[in-house]
Amino acid sequence: MIPRRFLLTAVFFWCAAIAATPLLDSLGGAGTSTASFSYHFFSRVCHQIDSRSFHIAGGKFAVCIRCFSIYAAFFLSVLFYPLLSRTRVSAVSSRVLLALSALPMAIDVALDGVGVCESTGVSRAVTGVVFGFALGIVLAPLLEELVREIFSRLNHFLRTTYATKTR
Amino acid sequence: MPALYGGLIIAGISAIPGLNLINVCCCAGILVGGFLAVFFYKQELMPEMDPLTSNDCVRLGAFAGVIAAVAGTIISVLVMLVFGNIALEMMMRIVHQMNVELPGNVEQMINQGMEEKPSFLGIVFSLFFNLIVDVLFSTLGGLIGWSVFKPKPQYPQQSI
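Just so you know, the protein sequences line up as chains G and X, in that order. All residue numbers in the first sequence are consecutive under the numbering used here, ending with 187. All residue numbers in the second sequence are consecutive under the numbering used here, ending with 1556.
Same shape as in the complex, but just chain X (with noise of 0.2 Å):
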């Protein structure tokens, strides 16, 4: 379960347009999803179970990163058969706000990327591709999650 939490915060992060701008930088929204499954872990951890190793949040971290790959590409799949290609919408009139001129061939492809309904090739293509880089950045974020939540050495106690 705090794997699937992670996965579908990531997927959220990734998928919907505009909170998907945290991903510039350096993937952070799926950095932060492998993290928060190894918090969610932790929260779960009863004192009687086994103490958290750092191969619990790298398998943590993975998993979320798979269903995050899975659930994001299944959410921006939907997102654009429902309300287009907003995300190169938003895209395109932030270009405009800052006076960037665009050559009038790319402003033409642009236009031509935002009418195009989604393939299955383009699916299955960017499915794969956020495989690679979630399950990659959110075994990060469950290493990160373990550097933070590890527990503390316990030196036994000298009798005096």
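Isolated chain G, as found in the complex (with noise of 0.2 Å):
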């Protein structure tokens, strides 16, 4: 339970650091700092074009709108998975369900590049939330284990280090 409460706390920071970067930024002074060095930080991660981007409080997010999506979708995937896991969708193969789930963000990326069909705020939008929530449907149990197995880790060498200085 503990890794999946660490998992889903780390998810919902990252989700809520892109969200609170522009209502920092309002704030001025150290807020203002805050935010610039967020948005300096995701610049790393994303585009961050202005209008590709949800506002709030007069800023953009830290991350475009596909890219929230993604992350936000994640989140919910994350929460929701032990509903999930006993739905079809988690017996579907890995391969299938990103491929699938990728494709339709990969067709609007596509189109919008080539000219054919300009991408709008909605298409990035739900074609972010549909490849966010099957990527955290792959990745929410392997995720687990691995903080669990961090967990466990760092529990071990703790125990160690504290038996060798106590003797």
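Hints in this document: simulated from the structure, not taken from any laboratory. Please note: incorrect hints may appear among the correct ones.
From chain G, some residues computed to sit far from chain X (all C-beta separations above 12 Å) [to be verified]:
id : residue
1  : ARG25
2  : ALA39
3  : ALA40
4  : LEU96
5  : LEU103
6  : ARG106
7  : VAL136
8  : THR140
9  : ILE170
10 : THR180
11 : THR186
Facing chain X, according to a computed beta carbon distance under 7 Å, are these residues of chain G, among others [to be verified]:
id : residue
12 : ARG64
13 : VAL109
14 : VAL112
15 : SER114
16 : ARG115
17 : LEU162
18 : LEU166
A virtual CB, placed ideally from N, CA and C, is assigned to each residue, including glycine.
Given two chains presented individually in distinct reference frames, assemble the corresponding complex, making use of the accompanying hints.
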């Protein structure tokens, strides 16, 4: 249970940091400095084009609509994984699930890139949500296992260190 | 070696101007690097060797991320020293092509940024950010690689 909570908290903070950046920016002073740090950090992950981003309090989110949709859907997918794992969706092969979920996004990006059909905020959000949700279904159990492994090794390390110090 | 290949692919994608636009799609280049590290490892696996595990994939992804962060920072500093800030120049060209009017002070700041040489503190800062992002997303790429390449469970054959 703890690995799941840890994972959920981490993903939640990642999403919250993205949404909180424009709010911090609007506060001024230290808030603006923190926001500029956040914008700089997330600029490694996303283009942050103003017209392709959600806005709040007059400022843009730290990532674009598509990226935020992926992260938000990933969070929801991890949150509801215990329920989703009982459905048939989790029985679908990871390859098929990832390929099928990435297809709408790839088509949207390709059509926009070629200039056939410009992608809209809605198309970016929907295709991002589909991919993020599938990614969550595939990665949630693996990430939980990874966090469990890290915790168990950390626990082992702390115990052995404490035991050698008290000896 | 697979982690090295994966890391160098990520570094190439992240540091070469133009090619690094792949990363604007949720760090796709970094995810692909972690994924490819697992793919290369799978190619090298012999039947007599231990099968692929999720731990292997996490390690491969994380190592590829560390290599990518270090190599990517070095390559981007070299590119900046030799060619200047061509990534920023390309961005400005796109902005001008899109007929976007930038406020005077922003344009001035960008022009100043293009003329600046990389500072030691800037490089350390960049390496720190690259380490976090590259390790995180490359490990995720490694886990995607595991979910795609994991060996199929073998059920014991029933004798008739």
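Cross-check of the supplied hints:
1. ARG25: Non-interface label stands for G/ARG25: nearest chain X Cβ at 19 Å, farther than 12 Å.
2. ALA39: Its Cβ never comes within 12 Å of chain X, the nearest being 16 Å, so this holds.
3. ALA40: holds, 18 Å
4. LEU96: holds, 16 Å
5. LEU103: Answer for G/LEU103: holds, closest chain X Cβ roughly 20 Å.
6. ARG106: holds, 19 Å
7. VAL136: Given a closest Cβ separation of 18 Å, the condition holds.
8. THR140: The claim holds: G/THR140 sits with its nearest Cβ about 17 Å from chain X, beyond 12 Å.
9. ILE170: violated, 9 Å
10. THR180: holds, 20 Å
11. THR186: holds, 31 Å
12. ARG64: holds, 5 Å
13. VAL109: G/VAL109 check fails; min Cβ-Cβ to chain X is 14 Å, beyond 7 Å.
14. VAL112: Result: violated, 12 Å to nearest chain X Cβ.
15. SER114: This interface hint holds because 4 Å falls under the 7 Å limit.
16. ARG115: holds, 5 Å
17. LEU162: For G/LEU162, the interface hint holds, since the closest Cβ of chain X sits about 5 Å away, which is under 7 Å.
18. LEU166: Cβ of G/LEU166 sits 6 Å from chain X, so the hint holds.
Of the hints listed earlier, those the structure fails to meet are numbers 9, 13, 14, in rising order.
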